[in-house]
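Colleague: Below, each chain spelled out in residue letters.
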Amino acid sequence: MANDPRQHPLLEVNPPLVQGPQTYHAITQAVSEISEGATPRKWYILTGITGSITLMLFGMLTWLVANGIGVWGNNAPVYWAWDITNFVFWIGIGHAGTLISAILFLFRQKWRTSINRSAEAMTLFAVACAMIFPLFHTGRPWRAIYWLGPLPNTDTGMWQNFRSPLMWDVFAVSTYATVSALFWYVGLVPDLATLRDRATGLREKIFHAASLGWRGSARHWRNYEMAYLILAAISTPLVLSVHTIVSFDFATSIIPGWHTTIFPPYFVAGAIFSGFACVLTLLIIARWSLNLEHLITLKHLENMNKVILVTGWVVGLAYATEFFIAWYSGNPYEKFAFINRAFGPYWWAYWTMITCNVVSPNFFWFKKLRNSIPVMFVLSIVVNIGMWFERFVIIATSLHRDFLPSSWGYFRPTYVDICTFIGTIGLFLTLFLLFCRFLPIIAIGEVKGVLAEQRNPAPGVHTTSQVVDPKFEPVALVSNGGGH
Amino acid sequence: MSKLIQINPTQTGPKYWRSLGELYNKPEFRDWVDSEFAGGAAETLDQGSRRNVLKLMAASFGLAGLTACRRPEEKILPHSKGLEGFIPGKPDRYASAYTLSGVASGILVETYDGRPTKIDGNDKHPTSFGASTALTQASILSMYDPDRSKEVLKGGVPSSWKAFTEGSKSVNPGEGLAILSEINNSPSLTAMKQFVMGKYPNARWVEYEPVNYGGAAAGSALAFGAGVDAHPQFDKAKVILSLDYDFLGIDSPTTLVTRQFAQGRRIDEHAETMNRLYIAEGQFSLTGAMADHRLRMKVSEVKSFAMQLGEALGVLPAGLNVLGNTDKKTKFLNALAKDLKANQGAALVVAGPRQPAVVHAIAHLINSSLGAPVVFTKSATGGEDPVAAIKALAADMSSGAVSTLVILGGNPVFTAPADTQFGAALAKVKTSIHLGLELDETAKAASWHVPQAHTLECWGDGSAIDGTVTIQQPMIEPLYGGKSAIELLAMLFGAPSAKGFEIVKNYWMSAFTGDKEAAWRTALHDGVVAGSASAELKPGADAGRVKAAAAAEPKASGSGFEVSFYPSATCYDGRYANNGWMQECPDPMTKIIWGNAALVSPKTARDKGFKDDDMVKINANGGSITIPVMVQPGMADNAVWLNLGYGRRSIGRVGEGVGVNVYPIRTTGGFWFAEGATVEKTGETFSIATTQEYHRMEEPTLPIPTNFKRPIVREATLEEYKKNPKFAEEMVEHPPLNSIYGDWKYDKGFQWGMAIDLNACTGCNACIIACQSENNIPIVGKKEVMRGREMHWIRMDRYYTGTEDDPQAVTQPVNCQQCENAPCENVCPVAATVHSPEGLNDMAYNRCVGTRYCANNCPYKVRRFNFFNWHKNITEVEKMVHNPDVSVRMRGVMEKCTYCTQRISQGKIQLKADARRAGKAVELKDGYITTACQDACPAEAIAFGNILDPESKVAKMKKQERNYAMLAELNVKPRTTYLAKLRNPNPELA
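Same order as they appear, the protein sequences are chains A and B. Numbering of the first sequence is given in my numbering, commencing with residue 264 and proceeding in unit increments. Numbering of the second sequence is given in my numbering, commencing with residue 27 and proceeding in unit increments.
Worth flagging that the hints you see were computed from the coordinates, not collected in a lab. It should be emphasised that the depicted structure is a prediction, and the values quoted were computed from it without experimental measurement. Ideal placement from N, C-alpha and C gives every residue a C-beta, glycine not left out. Treat the hints with caution; some may be incorrect.
[What the hints assert, rightly or not] Far from chain B, by Cβ distances over 10 Å, these chain A residues were calculated:
no., residue
1, I308
2, G333
3, N337
4, P428
5, R466
6, E467
7, W551
8, V621
9, P637
10, V641
[To be verified] With the C-beta cut set under 7 Å, the calculated list includes, among others, these residues of chain B facing chain A:
no., residue
11, I113
12, G709
13, F712
14, T716
15, K735
16, P737
17, R813
18, D823
19, C854
20, P855
21, V856
22, Y871
23, A881
24, N883
25, F893
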């Protein structure tokens, strides 16, 4: 029995990415059925809850615009607080999506296939949440909305100030949102066609239009693969650039605790860290509630845990480096800023951050914990709490005590701050629920591709990922997005 | 008007009538018509031809414009800029007077088209020198207070002037008439008083104010005999001892003292030495912060200290009842006595208003033995002790001996000592008439209340501390039809003229000699009645009397818990309680806004277990109050300090219920301080709002100390300075400040800059209110200040150094530093803050979208954000105080100090116009363009001007070796620089 592929010693290390008795049709069925069947009662309940929270967000934003920034707790000297914290937090969440879709795609990491769709969707929804803040945190959003657009405006007859990192932000985030949306949509086209072929009536019409005439011809696939590759290549630098530019908001300032060159890599690592944690949280719920354990396997989750462990350490190293530089630079303001961060009035925020971001990922050193659904679920949430605090610590604790002690202050959030933040979580979840309900949450075409490789390994290549159960039916080499 | 309207005798159509009187056209009806409709307007009643209607309409349109100008009827003369060719929209400045606690200051009032907007000091006035206090400047807002008294009240119910005129005829002027005035320093009011007293010799005249200088008057009476005022010449003194006298702060009602003191303190190319200030006090005052040596002691112990000093200097015999000495006190006393003696002729001892007569007398005795620079004059105000006077008056009111009481201003029901039971006594007076600005406690208790005209609304006069008289001109017709004190007296007691203008002018026409009209016009124009300063006296001190008084003094117990009272630097005695500017102006030392607190020393707080914000019950003088505690460094132990003026129950939307009223425990016996108080925690807490926490420039307590003393306010002793004059600049080492791009050369045209001399600044807050008034800065309220959203463009930072028990303190005004390399500018995405070629960091409000990034990146944190629309709920009348040259900022917009850019623009336009007319090149004379803060500063600590002009004051100050730029190491190149602070400690006490 030594030759039984199911007993292959490497299976322990590298289990197949698609598990259980699978056929192409079964995959199509499993994914499409989610959006085709009757809407489950629990979806209505969940969407009802998150929708109400989203309405609260709109209420809070209306209240904000009607009265002014004063309804938040922002003050002098903490002119930015939860608003920009939330912005950076949500932008960071979005990063995992692009990373999984683009970078892992370019590195031919096949394990990304079952999670990339939802990760990309998550990116879009997170960016949508994030973009609320740069606009609404301004004192006069009705002016900011056209002033910040890259147009010379007719009001004052002049260009924006291109020296301002906030201006760079506008470009970075809008580019990121556009490219992410394109990338996501291009990836969706074959699957939309699958849904179209299975649908009737209005659904058919909508998917017909949305799938852009996709027929699954080899020529279509060839163009698709090329387009996808190019978009992946365009997206890849964005993973690095967006959070780099977001970090410039702080790094180019002169405030101790902000003015530091480590921010770009530190922010990118943090973004991937939080993004993976967020994908993890959502996928654990999705695979459980939508019965997708065979497609989103433990291996996927474990891989993500490994990324969390690595980026957690990168982030921890960044924290340590900041302290080292604060001491090594000999700049007393800098030194104070960091000691104050850890032991000043906001010590609790700092140590929450350290506990969540530096201590908690270390549980993933243990394989058993890495493979435990409850453990990783809790830790993924803990990491996101930690990353929210990281941004809060950077923004609020640096601002609240800067150069002149006479101007020092303390920030306390108001209910509007809190409800606005909770509201964005509501918006995020609502969008995600809508996505789960109406669109294929797993890239059907890509999973089929992996399945094909599992069954028909390229000649001379023997990897465990290609181990298949010989009982299963043979398939065509080219998977057809049109399905069976 | 009657000439304008032609009466048309022919009637057209049927005649309609409304009454029998009209039908028969009886003379009574004609009279009624004439009285009801002035002049020709009556004609339209029945002469309504088309032509007449059109004529009348044309006339009323023509006159409609005039009604908008609330110009006073009588002629008033401009001060410095002529009325010739009056230009609408351009301000005129008129000289007038502002009186507080019986002391007048000369002011200049800026008016736009008949609307006063700003008060400055009168530069021709001998005690103002162009400077002004925060309280003086804020009084303009009190005039536009929408909650001011607007109508006559009878028994608290709205009535009318007509009813009052009728009702006041029944006033029995014979027996039982008493008039309670504020401290009177006005010659015309004195003349009116003499008129009334001459007509009704049995009437009594009482003067009272809760903040008065009765102790000082009694002290000079003890030393020299009655009616002598002492004027210490601080500028001529080299060594000064203050006995509980906050002469740089709230104890001095004028700017003169600060000006003189700063002159003696200034170090520049002309002066290489400075005065030395010692102080013995309880509360940590601004004067204490300025002092080179400070000995803290309870207010009641100062007497003993003064006696000991008298003994040490040999002016008092040994063996007086004095308290024992600590080592520190002995050392302090010995060094002080030696220093005073060594500076014979230039040593000065001054005592504060809280101190009893004997302390003042001892100070006089010491001064005469030292040949101190003190000038004596005849007293400008009356002699009777206000506290004793009001006590006697209240007793007579209670016994029914007073049947008619006329209260001329003030709010005695609120401010009179508690044991006089003034409110209850007032209820026993048959007819009481209260003249007041506000619907205050007294207005509601009196049988009649009539609205008072504000200082800026009526004619009057007042004498300054040196006796110089200023005629008070109205700037605007009374907004609510109020009357001044002289007008009310004239009306009540049948003076020949009831018009304020006539009374004042007639008085002065009789007082002037020579060309009276010219003298009158000159007095109005200059704001000073020439030659009116009191003649100098050379009184001899009666040493025997003072010695006897000192020997008779009982020993201070020194052990009990003490409570003492201070006028609030913001609400004063309560009269500013409804003034938003003052409520939001932080107390100079504690930085409390919108309220008051019981101040205790850190040790007392530890002993008693008090923390900030704990509510405590204070029992003293037979009464009790509940008030929150604030722990303040540098206070004397076992004592508590209370600010007067808060806790008004009836005043208006701003001040009602703000703070705690401490008058209930202030009695005639314990008027300024009392021993034997008890203080205990109630267990409740109350949030006190401050604009600044208790901050030192050293790091706050963190588990890992960094031992970093921030070089913000740089300070050295005079000795250190002489050894190393460039100590301030050398205090910070930093790498060379290079930019990878070439720096912009600001070397053409005007380059505006500012220098602030920290050695002169006393932290008096005058600049804060000046800026608020000039730049339309809104107030935000207590809740918002607690969130750190106050809007002041210039703030007064206060830092402590040294130990918690015996700290030193420094103050530093901080406005926008107008960095040449401004960190706020590059971060603004919409270019709303950009640099002008003249080196100004400009704000374009219209571009601002409110990202607040600029404020985050400002190392000085001087930018202010409109978190809400702060102007939303202000009334039309409050809008009148706005400076029309400065835009009012909407919500969501950032703002900050502009170096008064509107004044710069105005000045430049004027300069260009003048130059063109003269056919010359534009030339800026230093001091032609000034900022509001600079104008106000009594210490002349702020200089502003063109830094490229080597002859300008600012360039000269910047050239001084003490000059340093705060946070220069950030390479932001601020245009505002500071001159380092110096102290002049006695080497023996080092």
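Colleague: Which earlier hints turn out false for this structure, listed by number in ascending order?
Modeller: The structure breaks hints 2, 3, 4, 11, 12, 13, 14, 15, 16, 22; every other hint is satisfied.
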